[in-house]
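First to last, the sequence lines map onto chains A and B.
In this text, residue positions in the first sequence follow the working numbering: the first is 1, and each later residue adds one.
In this text, residue positions in the second sequence follow the working numbering: the first is 1, and each later residue adds one.
These are computed hints drawn from the structure, not numbers from a lab.
Mixed in with the good hints there might be a few duds.
When the alpha-carbon atoms are kept at most 27 Å apart in a straight line, the in silico DSS-like pairs for lysine-lysine are as follows [stated by the list, open to error]:
id, chain 1, residue 1, chain 2, residue 2
1, A, Lys102, B, Lys205
2, A, Lys102, B, Lys94
3, A, Lys164, A, Lys102
4, B, Lys94, B, Lys205
5, B, Lys205, B, Lys188
6, B, Lys94, B, Lys188
7, A, Lys164, B, Lys249
8, B, Lys9, A, Lys164
9, B, Lys188, A, Lys102
To give a feel for the contact side, a few chain A residues facing chain B, derived at Cβ under 8 Å [said to hold, decoys possible]:
id, residue
10, Leu19
11, Tyr68
12, Val69
13, Leu72
14, Ala92
15, Thr110
16, Thr247
Source: prediction; values computed, not measured.
Glycine residues also receive a C-beta, built at the ideal position from the N, C-alpha and C atoms.
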Amino acid sequence: MSRARPRIGSAVVMTLYLLFLMLPIYWLTNMSLKTNAEILSTFTLWPNDLTFANYRTILTDPSWYMGYVNSLIYVVMNTVISIAAALPAAYAFSRYRFLGDKHLFFWLLTNRMAPPAVFALPFFQLYSSVGLFDTHIAVALAHCLFNVPLAVWILEGFMRGVPKEIDETAYIDGYSFGRFFLRIFMPLIASGIGVAAFFCFMFSWVELLLSRTLTSVDAKPIAATMTRTVSASGLDWGVLAAAGVLTILPGALVIWFVRNYIAKGFALGRV
Amino acid sequence: MNDKTVNQKAWLLVLPVLALVAFSAVIPLMTVVNYSVQDTFGNNQFFPAGLEWFEELLASDRMWNALGRQVAFSAIILAIEVPLGVFIALNMPKRGAWASVCLVLMSLPLLIPWNVVGTIWQIFGRVDIGLLGATLAELGIDYNYTQDFYAAWATVIVMDVWHWTSLVALLGYAGLQSIPDAYYQAAKIDQASRWAVFRYIELPKMSGVLMIAILLRFMDSFMIYTEPFVVTGGGPGNDTTFLSIDLVKMALGQFDLGPAAAFSLMYFLVILLVSWVFYTVMTTMDAREGRK
Numbered sequence: 001m002s003r004a005r006p007r008i009g010s011a012v013v014m015t016l017y018l019l020f021l022m023l024p025i026y027w028l029t030n031m032s033l034k035t036n037a038e039i040l041s042t043f044t045l046w047p048n049d050l051t052f053a054n055y056r057t058i059l060t061d062p063s064w065y066m067g068y069v070n071s072l073i074y075v076v077m078n079t080v081i082s083i084a085a086a087l088p089a090a091y092a093f094s095r096y097r098f099l100g101d102k103h104l105f106f107w108l109l110t111n112r113m114a115p116p117a118v119f120a121l122p123f124f125q126l127y128s129s130v131g132l133f134d135t136h137i138a139v140a141l142a143h144c145l146f147n148v149p150l151a152v153w154i155l156e157g158f159m160r161g162v163p164k165e166i167d168e169t170a171y172i173d174g175y176s177f178g179r180f181f182l183r184i185f186m187p188l189i190a191s192g193i194g195v196a197a198f199f200c201f202m203f204s205w206v207e208l209l210l211s212r213t214l215t216s217v218d219a220k221p222i223a224a225t226m227t228r229t230v231s232a233s234g235l236d237w238g239v240l241a242a243a244g245v246l247t248i249l250p251g252a253l254v255i256w257f258v259r260n261y262i263a264k265g266f267a268l269g270r271v
Numbered sequence: 001m002n003d004k005t006v007n008q009k010a011w012l013l014v015l016p017v018l019a020l021v022a023f024s025a026v027i028p029l030m031t032v033v034n035y036s037v038q039d040t041f042g043n044n045q046f047f048p049a050g051l052e053w054f055e056e057l058l059a060s061d062r063m064w065n066a067l068g069r070q071v072a073f074s075a076i077i078l079a080i081e082v083p084l085g086v087f088i089a090l091n092m093p094k095r096g097a098w099a100s101v102c103l104v105l106m107s108l109p110l111l112i113p114w115n116v117v118g119t120i121w122q123i124f125g126r127v128d129i130g131l132l133g134a135t136l137a138e139l140g141i142d143y144n145y146t147q148d149f150y151a152a153w154a155t156v157i158v159m160d161v162w163h164w165t166s167l168v169a170l171l172g173y174a175g176l177q178s179i180p181d182a183y184y185q186a187a188k189i190d191q192a193s194r195w196a197v198f199r200y201i202e203l204p205k206m207s208g209v210l211m212i213a214i215l216l217r218f219m220d221s222f223m224i225y226t227e228p229f230v231v232t233g234g235g236p237g238n239d240t241t242f243l244s245i246d247l248v249k250m251a252l253g254q255f256d257l258g259p260a261a262a263f264s265l266m267y268f269l270v271i272l273l274v275s276w277v278f279y280t281v282m283t284t285m286d287a288r289e290g291r292k
C-alpha cells in the first residue's frame with residue numbers, strides 16, 4: 001500500500017479541523033473591520049466598507065488601552081514571581097527527599113485544582129483588609145494560587161532530566177550553591193524556564209474571574225473592561241470585536257516565539 | 001528515580017513557595033471554613049451556626065440540580081474532546097513547516113481570554129449578525145441559544161470543544177512524538193493493520209499524557225465559569241447554570257456568605273476527591289513505566 005493515501009486523508013482532516021478553529025476568529029476579525037451600520041443592516045462575508053475606526057477608538061481612549069497595560073503589568077509580575085519562587089522549590093523536589101515531600105507536592109497541586117469561584121470572595125476580603133485592593137500586585141499574587149504549583153510541576157519535570165553528577169562536580173570544583181544555580185544550572189534548564197513562563201503567562205492572561213473581582217479602576221484588566229462596555233454602552237459590536245481581536249494578539253505573539261518548545265513542554269505532560 | 005538523597009534542609013528551598021501559597025490559599029480557605037459554620041445578620045456580627053448550612057444545602061434541590069448539570073456537561077465534553085483530540089493528534093503532520101503552522105494555529109484558542117471566547121461565540125451564534133446563527137437560520141433550523149434549552153447546551157458544548165480539543169490533541173501529539181520509528185518499521189514487517197498499530201503501539205504510548213489530558217479537562221470543565229456566563233448567562237432559566245456560576249451568584253450576587261461557603265467547601269472536596277483518584281492512578285502508572 002502506498003503511503004500517499006493516508007497522507008491525503010490526514011491533510012483533509014487537519015484542514016477541516018483548522019477551518020473549524022479559525023471560522024469564529026475570522027468572523028470576529030471580519031466584524032472588527034466593519035462599521036456598526038454594516039454589521040446590523042447587511043450580512044457580508046467581507047467588510048464592504050473597510051474601516052479601522054473601531055481600532056482607533058480603542059487605541060486612543062485611555063479607559064480602553066489602559067486595560068491592556070494593566071493586564072500586561074500583572075501578567076508579567078505574576079510570571080516573574082511564580083518562576084522565581086518555583087525555581088528553588090522545584091530543585092528541592094527534583095533532588096532531595098525530605099519529610100512530607102510527597103504530601104507537599106500533592107497539596108501544591110490541589111491549589112491548581114481549586115475553583116477560582118471558591119476563592120473570589122475570600123480574596124476580595126483578604127486583599128481589601130491589607131489595602132491591596134485594586135492594585136496590580138493583588139491580581140499577580142492571586143494568580144500565584146494556580147501558577148506557582150504549575151510552575152513547580154513543569155520545572156521539576158525538566159530538572160529531573162539533568163543528571164545529578166553535574167551538581168556534584170560543580171560542588172567539588174568549589175562552586176557555592178547560589179553561583180552554581182545561577183551560572184550552571186539555570187542555563188541548562190533554560191527551555192524549561194521558557195515553557196513554565198509560557199504557561200504562567202497563558203493562565204494569568206486568560207483568567208477573568210479573580211482579576212475582575214480584585215480590581216475596580218486602577219488595575220482593571222482589558223477582559224473586564226470589555227464586559228463592562230458591553231452592558232453599559234449598549235451594543236457597540238464593532239469596538240467589542242476589535243477589542244477581542246487585540247486580546248488574541250499577545251497570545252499569538254507568545255506562541256510564535258515558543259512554538260518549538262510547546263511540543264516538548266506538553267511532552268513532559270506538565271501543563 | 002530512586003537516587004534522591006535525604007536532606008531536610010531542602011525545606012528551606014521550598015519555603016518561598018510555601019509562604020506564597022499559604023498566603024493565597026490557606027488564609028482564604030480558612031475564611032471560607034469560618035463562614036460555613038456561622039450565620040450573620042450583617043454588620044459583621046457573626047454567631048455560630050454549626051453544620052446547619054451543610055444540612056440545608058444537602059437537602060435543597062438547587063445544589064443537586066447544579067451538580068447534575070455540571071456532571072452531565074463534564075461527561076459530554078470529555079466524551080467528545082478525548083476521542084476527537086486523539087484522532088486529530090494521529091492526523092497531525094510529524095515535522096516540517098506545516099507542522100509548525102498546525103501547532104501555532106491549534107494553540108491559538110488556548111490563549112484567548114475566556115470571556116473573549118465567550119464573546120466570540122456569542123457573536124458567532126447570533127441569528128442576526130453571526131455566521132453560525134445566520135447559516136442555521138438560513139437552513140431552516142430553529143436556533144436561539146438564549147431561549148432554547150437544546151440550542152443553549154449545543155452552543156456551550158461546541159464552544160468548549162472548540163476551545164479545548166487542541167489541548168488534548170497537543171498532548172497526544174507529544175506522546176506520539178516519543179515513539180521511535182523502529183516500532184513502526186517492526187509493525188510494517190509484521191504486516192500489522194492500521195488498527196493494530198494504533199491499539200498496541202500508539203495508544204499505550206499515549207496513555208500517560210492522555211491521563212493528564214483527561215485530568216486537566218475534568219478539573220477545568222468542572223470549574224467552568226466565564227465562557228457559559230458570557231454566552232448564556234446561565235440561562236435559559238437555569239439550564240446552563242453550572243456549579244461555579246451558581247456559586248458566584250450566591251456569594252457575590254446575593255451575598256449569602258454561609259451557604260456559599262458551605263457550597264464552596266463541598267464543591268472543592270468533590271474536585272479534590274476525583275483529582276486524587278486520577279493523580280494516584282497517574283503516579284502508579286508512572287512508577288510502573290519507570291521499572292520497565
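Per-residue hint verdict: Thr110(A), partner chain B, C-beta under 8 Å:
Because about 6 Å separates Thr110(A) from the closest Cβ in chain B, which is inside the 8 Å limit, the hint holds.
Next pair to validate is Lys9(B) with Lys164(A); report whether the Cα-Cα distance is within 27 Å.
Holds. Lys9(B) to Lys164(A) sits at ~18 Å (cutoff 27 Å).
Does Tyr68(A) pass the interface check with chain B, least Cβ-Cβ distance below 8 Å?
11 Å, violated
Please check whether Leu19(A) passes as an interface residue: C-beta within 8 Å of a C-beta belonging to chain B.
10 Å, violated
Satisfaction of hint between Lys94(B) and Lys102(A), Cα-Cα up to 27 Å:
Roughly 36 Å separates the two Cα atoms, so the pair is violated.
Under 8 Å is the threshold here; is the Cβ of Thr247(A) close enough to any Cβ of chain B for the hint to stand?
5 Å, holds
Using Cβ atoms only, decide whether Ala92(A) comes closer than 8 Å to chain B, and label the hint accordingly.
Holds, about 4 Å.
Assess, step by step, whether the Cα of Lys102(A) is no farther than 27 Å from the Cα of Lys205(B), and give holds or violated.
26 Å, holds
Holds or violated: Lys205(B) and Lys188(B), Cα atoms, limit 27 Å.
The given pair, whose Cα atoms are some 18 Å apart, holds under the 27 Å limit.
Straight-line alpha-carbon gap Lys94(B) to Lys205(B), limit 27 Å:
16 Å, holds
Taking 8 Å as the limit, does the beta-carbon of Val69(A) come near enough to a beta-carbon in chain B?
With a closest approach of 15 Å, the Val69(A) hint is violated.
Within 27 Å, alpha carbon to alpha carbon, are Lys188(B) and Lys102(A)?
Distance ~43 Å between Lys188(B) and Lys102(A) Cα, so the pair is violated.
The structure fails hints 2, 7, 9, 10, 11, 12, 13 (numbered hints given earlier, in ascending order).
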